[in-house]
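Enquirer: Residue-level listing of the chains:
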Amino acid sequence: MSLYYVQKLLFQLNRDPAVRRRFDTELETLLGDYELTEEEQRALRDPDIGLLYVMGVNGQILMHYAALRGFEWDAYMEAMRAGERKYGPVRTGLYTRAKGR
Amino acid sequence: MSLVFAGVCSHAPGITGRKDRADPVVLDAFYAAYDRMRQALEAARPDALVVIGAEHFANFFMNNMPALCVGMGDHYEGPIEDEEWLGIRRARFPGAPVLSMQLIQDMMNDVDLAYAQEWKFDHGIMVPLHFLTPRADLPIIPVNINCQGPPLIPLKRCYEFGRALKRACDARPERIAVIGTGGISHWPATPDSGRINEPWDREFLDRLLGNRREELLAYQDDETWREAGQGGLEIRTFIAVAGAAQGHTGELWFYAPIPIFAVGCTVAVMNL
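Taken in sequence, the protein lines are chains X and Y.
Position 66 of the first sequence, counted from 1, bears residue number 66 in this note's numbering, the numbering being contiguous throughout.
Position 149 of the second sequence, counted from 1, bears residue number 149 in this note's numbering, the numbering being contiguous throughout.
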């Protein structure tokens, strides 16, 4: 589990135009710069917003990645719900559903 | 001089980014409350505005996350988000680096602070400034309280930070305004986005605007997380303003749950 590096990549992507350029032009090399599992790489590449949510990516980071990848607000909400249906509850972090719902 | 204005308001990105999807009657009343706050802020004739926000990984990440950080930049820019997504054009805001350093140095007698000379504003600061300083001409001193994930600074330390800010402002000749921006109950950026616990919000606002310190500091994070969502952890910004305005009560100028904005939208001002 290298959730930290998934979030770090998305944080830098959101903040740094140079990282966005690399994302557009050399995605595989960029992914290789972070310690990511195969599942994490796939979720980023597809993109599988629902899986990223279930992995525990902070929504304040994921929200912008979803927008970058063309998800309108309602589609972003639905992608997270679909992720929960397909992969189960959020695995770690702030959004685990112990008692909140 | 000292603090000449203190208030709190919401900052959710939907407030500007999804404004077309809200009930126009409620939206107009909410925007009117922001504008009333702008007028009150301008009437206070501040030399600088301290914005206590809860940023969302625009500048600070888990590799080096300050519990409390104060901006000391010459200028700032924002929004970091896509302009169309947020509904706010990018702008440059003047800083107040000399005053910032003086305040930070003074506050460090009482609280441990990080500082930052470079800072990009996200919606947490941009949404309030969009309404309150539309000409981007008032020097800004941003403050961040980490509310995004544990370990989080205890509420009593947020209140103490506010008191330290007030003491530092008392020692300066400048006229200084402060606002806190955050959610109350909300579950932003989750499938529960739009859920709002209005009774919880109203109870919190009652404690806040009564400036009842012990009752404010009685909230426990696990209980807040259950009842008010992970976004409820942002009450830290409001509690800091309560500390800065210790001894003063406040007035609620607007509160309404607006689910498409994912938060109980709030504008309130302390009577200094």
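Check each hint, because a few of them may be wrong.
Below 25 Å or equal to it, Euclidean Cα-Cα: the simulated SDA-like pairs (lysine to any residue) are [what the hints assert, rightly or not]:
{"hint": "1", "chain 1": "X", "residue 1": "8", "chain 2": "Y", "residue 2": "113"}
{"hint": "2", "chain 1": "Y", "residue 1": "120", "chain 2": "X", "residue 2": "17"}
{"hint": "3", "chain 1": "Y", "residue 1": "156", "chain 2": "Y", "residue 2": "211"}
{"hint": "4", "chain 1": "Y", "residue 1": "120", "chain 2": "X", "residue 2": "69"}
{"hint": "5", "chain 1": "Y", "residue 1": "19", "chain 2": "Y", "residue 2": "45"}
Keep in mind the hints are simulated off the structure, nothing from the lab.
Enquirer: For a C-alpha distance cap of 25 Å, please report whether residue 120 (chain Y) and residue 69 (chain X) respect it.
Expert: holds (22 Å)
Enquirer: Tell me if the straight-line CA distance from residue 19 (chain Y) to residue 45 (chain Y) falls inside 25 Å.
Expert: violated (30 Å)
Enquirer: Would you check the hint for residue 156 (chain Y) and residue 211 (chain Y), treating anything up to 25 Å between C-alpha atoms as holding?
Expert: Satisfied, since the Cα-Cα distance of roughly 13 Å is no more than 25 Å.
Enquirer: Straight-line Cα separation of residue 120 (chain Y) and residue 17 (chain X) no greater than 25 Å?
Expert: holds (13 Å)
Enquirer: Measure nothing beyond the straight line between the CA atoms of residue 8 (chain X) and residue 113 (chain Y); if it is 25 Å or shorter, mark the hint as holding.
Expert: holds (24 Å)
When the structure is compared with the earlier hints, a violation turns up for hint 5 alone.
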